[in-house]
Amino acid sequence: MVYLRSLLFLIAGFATGLNAKSSTGDSVLVIVEPKQQDNYSLFLNGLKKQGYDLTFRAPKAEAPVVIEYDDPTFAHVILLASENKVFAKDITPQSLVELLGKKTNLIIALSPKQTPLSSLAAEFSLTLPPPGTPLISYFPKREGPPSVIPVSVPATHSILSENLHPVWFSGVPHSLGNNPLLVPILRAPAESFAAETDGGSPDALVDAAERGGEGLWAGSQLGLVTGFQTLDGSRVTWVGGAAIFSDEYATKEVSKGVPSGNLQFARDVAKWTFQESNVLRIDRTTHNLVNSTKSLEQYTTNDQIVYSAYISKYDSKTSTWAPYSGIKDLQLEFTMLDPHIRTALLPVPGVPGKYSAAFRAPDRHGVFKFLINYKRKGLTSLQSSTTVAVVPPRHDGYPRFLSAAWPYYTGAISTSVAFFLFSAMWLAGDSHEKRAKGHKAE
Amino acid sequence: MAPKSSPPAASNVVHSLWKAYSDQTSDRMKFIDAFLVFLMLSGVAQFLYCVLVTDYPFNAFLAGFSSNVGQFVLTASLRSQVNPENKNEFKEVSPERAFADFALGSIVLHFFVYNFLG
Amino acid sequence: MPTAYPLPTNLSPATVANTASLIRIVALALISGAAIASRLFAVINFESIIHEFDPWFNYRATRVLASKGFYEFWNWFDPTAWYPLGRVVGGTLYPGLMATSGVIYNLLHAINLPVDIRNICVLLAPGFSALTAWATYMFTKEMKDASAGLLAAAFIGIVPGYISRSVAGSYDNEAIAIFLLMITFYCWIKALKQGSALFGTVAAVFYFYMVAAWGGYAFITNMIPLHALVLILMGRFSSRLYVAYSSWYAIGTLASMQVPFVGFQPVKTSEHMAALGVFGLLQIVAFAQLVRSHVSSHQFQKLLATGVISIGILGAMAFVLLTYKGWIAPWTGRFYSLWDTGYAKKYIPIIASVSEHQPTAWPSFFMDLQFLVFLFPAGVILCFRELRDEHLFVIIYAVVASYFAGVMVRLMLTLTPVVCVASAVALSTLLDTFVDPTEPEVVDDTRSESGASTISAPGTNGAAPSPTTPATTSKKAKKAAAAAAEHPTTLSDILASSSTKTAKPKGIYGLDTRIMVVLNTICMLAFFVSHCTWVTSSAYSSPSVVLASSNPDGSQHIIDDFREAYYWLRQNTPEDAVVMSWWDYGYQIAGMADRPTLVDNNTWNNTHIATVGKAMSSSEEVAYPILRKHDVSYILVIFGGLIGYSGDDINKFLWMVRIAQGVWPDEVQEPSFFTPQGEYKVDDNASPAMRNSLMYKMSYYRFVDLFGGAQAMDRVRQQQVPKVGPTLDYLDEAFTSENWIVRIYEVKKEDSLGRDLKSANAFAQGKKRKRSKPTTRRRAIL
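Chains as they are written, first to last, in the UniProt record's numbering: chain A, 1 to 442; chain B, 1 to 118; chain C, 1 to 782.
Some hints here could point you the wrong way.
Just a few of them, taken from the derived set where beta-carbon distance is under 7 Å, the chain C residues facing chain A [what the hints assert, rightly or not]:
1. Leu753
2. Leu757
3. Arg769
Below 30 Å or equal to it, Euclidean Cα-Cα: the simulated DSBU-like pairs (lysine-lysine) are [as the list claims (entries may be wrong)]:
4. C/Lys193 <-> A/Lys103
5. A/Lys103 <-> A/Lys354
6. A/Lys375 <-> C/Lys652
7. C/Lys629 <-> C/Lys652
8. A/Lys377 <-> C/Lys758
9. C/Lys748 <-> A/Lys89
10. C/Lys193 <-> B/Lys30
11. C/Lys302 <-> C/Lys325
12. C/Lys629 <-> A/Lys369
13. C/Lys748 <-> A/Lys375
14. C/Lys758 <-> A/Lys375
15. C/Lys302 <-> B/Lys30
16. A/Lys21 <-> A/Lys375
17. C/Lys749 <-> A/Lys377
18. A/Lys60 <-> C/Lys768
19. A/Lys434 <-> B/Lys91
20. B/Lys87 <-> A/Lys437
21. C/Lys758 <-> A/Lys103
22. B/Lys91 <-> A/Lys60
No lab work stands behind these hints, which were simulated from the structure alone. Computed from a predicted model, the values in this text were never measured in an experiment. Glycine is no exception: its CB is placed at the ideal position from the N, C-alpha and C atoms.
Starting from the given sequences, assemble the full structure and let the hints guide the process.
Laid out in structure tokens, this is it:
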């Protein structure tokens, strides 16, 4: 009874999120063994209800292909076939990276088995433990195998909903590398560790631990669900075990009367990966002199320049882009090889979505760029580069008739005047002399 | 004979020089010399201003100073060309032509001065 | 008086004068025609195209001037040159050449002759060479007479030393600068001779034009003061010298500061201080002369002399002090390297690397001047015989120019005019002696009959009769002798004056010697003409943008790789794509491909060039951040190994290394590019630094594939390239021209996953990533 009620509650819960759609497309390919497809029905039906167009495909099936003639066929791909060692010809690690380059978003599930996807994870600077070593934890005390672990979610997280209930997890952890593009979503609980349970070799684990240092494959430094945002803007989420999306875990209770947060967690992860949440874009940028609105190609040194950027955020509920003034730390660089000016682009009160900065162009002439390079974990990176030339003043743009130069002006003018007077008097004297000479000669 | 550089002898020599000058030079030459002195004073004044106060609009200083120097030089050339003692030197330059050259040179000079001044 | 051959006696002096003028005009016209025609080889063999490198920039600037007008040109800021520093073109070039072309362009368009600006630029140099011939004629006429003038005009019209920089298509500053040089010198000599301020002013105006046209104006700035100084030291100070020099200096210096590129240099740098010093000295000496004329006291004169000398010494010391304190800039590198020839190699490799700045080899003197080389000293010695003020000028010019021409190949150009003048004087004197029909008298009749020369038949290539009128009476001869004693103009007059002293007859008897010498001279002149024509057509008429070779069957094979590549860039890359190449090709890329470049032939910023050098000589990983920082999209290299073109970048590579080493001695070291034995190799023995350098990789990328398994041979270095060619991770090959001379590479964008491109490429090819140590946050407690 309680079970049914919580189920209804759950279903009603995400019914409010109806018609929340992605900003980059609605077609989703789900690669899953047909036999296991029903295990994920809650999650997948939820996606369908939101308006996504799901297509199912077995991992070894030939059609539909993910990429055809360098063109991706789907906007998003979910790889739930985490145990398959063999995939169809068009699903290779290289083709998945190519898909990311073509702005397709991925959710990839891993498993303790060694699959081609494990080698792909290394490209994202995620290190997996040796095969056959899933995550286990003996705390909190519970029935069920130690490899099924309830993981608590931080109360506030930029990607996940607030106050999410703990999430059931079973699968393989990974160690995060140095890549700044990684976005940690779910970390392992402090008491958990990777151990060989089925088929794994203890020597391999010890070897890996020795190479990496003690305590590597244990504790909250391990990641369970990690996002990655590529430089092209596409997002991929690495999930340590596909079971986190399963119906079984969605309906399993964490403790007495507390349902698990798996369904909401799955929805949030899909929301982030499929470019519904935390998606920003720069609509346009303008630059002009302080008192005008025309954008010039050339500015003069020491000009007062105003630069404005209009940024909007995608609202998945209404599927529109709305101006967004919530970025507090946006920065503008005015760069020629190195930034000459670095200033804050502050939101303009009263105009939603507009960020503006005014500064004086440097005294140096050259070809400069207005550069916005805003990268935060989880948010779309904002990049904008506008090239503009800064020229020295024109030959008649310099101040004229300087007061310090008056002695020189008077000197030059007096010389000219004196010259004219002199020539006039000379010629007058000349004619006078000539007349005198002429008289004398007579 | 008198020592080379004893002050009374020097002042005597300067005095005799001045006497010789005022006796031997014609009025027209003196007129030119007055103009030359004016130009020299103006130039010295500008130079002192530049050295003591500021040389900020250096181009203006150069223009003003060159105007003085150039005019001085042209006038001195006119003087030497018009001087009847130098007739043998300047066979092809009659005094009239000397003045015409002087006027033309001065106009060209002033043209460049005003271009450089502002 | 006896004559070797009969002369017509019924000609009036007026007829003779008129005929002489007509023949002179016709001769000058023919000389101009020859001068223009001999410069047109390149246009006829290839096409009307701007040659070499520097002229492309001048052409681009002229296009801006023609299309946008003078004020836009004056304020033009070029954002595509020296990206991203830009270039303030208006203030960093000598605008005389462009302004001249602009004026001609507007003039022709005003009279409805729509000549394309390119044709004006290409043909400007030949046109001005005709004017140079005329200016040299006028100059030499002041030295000797019109017949020497015509000879000098003919020489400078076709001599290869001048042609090399003024063929049709060589649109460079020297095209008009040599004309301005000669005419400024002519006006100076005229001013000095007459003591006229008018000619001094005219000389100053032409000097201003020269300053606006060429950086070599410093030559005039120092030659004229040197001449004045020598005259003063020789005791030849006169009011004429004062008038001429002062009017020239005052107006000329003020005018020269109007050119923005020159700015305040005439009062602040050492190169101009000589002129200022001589000016001051002249004022002091003139004043002293003036005072002396009023004072007779001997002691006062001595006092004055010591005063003058001490002021002079004080002035010199003031100059030294100001230079030491830095208010007067010392000699800049370019001019300093003329005195200390080893300086540039050590400290300024850019100056040392230019091929035109190398010392002159002996054969180039002969190639550029042929028989003028040995006539030239004879002419200078003849100047010693007369030693008027103007002859001193020629002597000084000759000595100074000979020194400079020996130091730098490029300065052969300034030697050429004085060589032409002096040789013309010598040859004209020779011809005067042997064409003059007057035979010497017997010993007792020396005084009366000598003196007059007559019309001589036109015997040489373009020489004209001497302009003196025939004297028929002995009275006139005596007057002429008296006049000639003051201003000797013909050799017979010289003979007359000298014979009155020594009382010995000197002259040439008979017709046979005359004919022999004159015929010999004509033959030598004919050889000279054929030599000049041959040198011009074979050596100096190559556009160097288009190369020519011959097919096995003898027909001409045009190699147009440069233009092919530049036009590929123009048509296939975005308009703001930045191209990196070595600075030699910057102007050509800007002119033909119309793309922003990092460095070009202006070479004003050594650090920027060193950055390019460092990128070219470092490995891909080190070079890539430099490329991204400068927004470089394409890299262009010249590779001559396939076809045997020896002016390619691998041969220039060591200069890139040296210049980069000058700025980053820790990161780039020249010895690391040589083998342990000290050889410069590109085969299997090449050093690792060489093999990993970007330049090597770009040059030899896929070169081995051309040979299909056989040994790949680099025809320029004559070495065998290793069988396994280089691989490129950070660049993509974009274009290679037909004969592999120009190769263009595109710089890859950063990897979308943030990896370094080498690992990204390895992954894309399916290689397994090396398992690297995972990061650990726990540190061992020691």
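Here is what the structure says about each hint:
| no. | hint | in the structure |
| --- | --- | --- |
| 1 | Leu753 | holds, 6 Å |
| 2 | Leu757 | violated, 13 Å |
| 3 | Arg769 | holds, 5 Å |
| 4 | C/Lys193 <-> A/Lys103 | violated, 84 Å |
| 5 | A/Lys103 <-> A/Lys354 | holds, 27 Å |
| 6 | A/Lys375 <-> C/Lys652 | violated, 43 Å |
| 7 | C/Lys629 <-> C/Lys652 | holds, 25 Å |
| 8 | A/Lys377 <-> C/Lys758 | holds, 26 Å |
| 9 | C/Lys748 <-> A/Lys89 | holds, 28 Å |
| 10 | C/Lys193 <-> B/Lys30 | holds, 27 Å |
| 11 | C/Lys302 <-> C/Lys325 | violated, 34 Å |
| 12 | C/Lys629 <-> A/Lys369 | holds, 12 Å |
| 13 | C/Lys748 <-> A/Lys375 | holds, 22 Å |
| 14 | C/Lys758 <-> A/Lys375 | holds, 24 Å |
| 15 | C/Lys302 <-> B/Lys30 | holds, 26 Å |
| 16 | A/Lys21 <-> A/Lys375 | holds, 24 Å |
| 17 | C/Lys749 <-> A/Lys377 | holds, 22 Å |
| 18 | A/Lys60 <-> C/Lys768 | holds, 23 Å |
| 19 | A/Lys434 <-> B/Lys91 | holds, 21 Å |
| 20 | B/Lys87 <-> A/Lys437 | holds, 18 Å |
| 21 | C/Lys758 <-> A/Lys103 | holds, 22 Å |
| 22 | B/Lys91 <-> A/Lys60 | violated, 111 Å |
When held up to the earlier numbered hints, the structure conflicts with 2, 4, 6, 11, 22 and fits the remainder.
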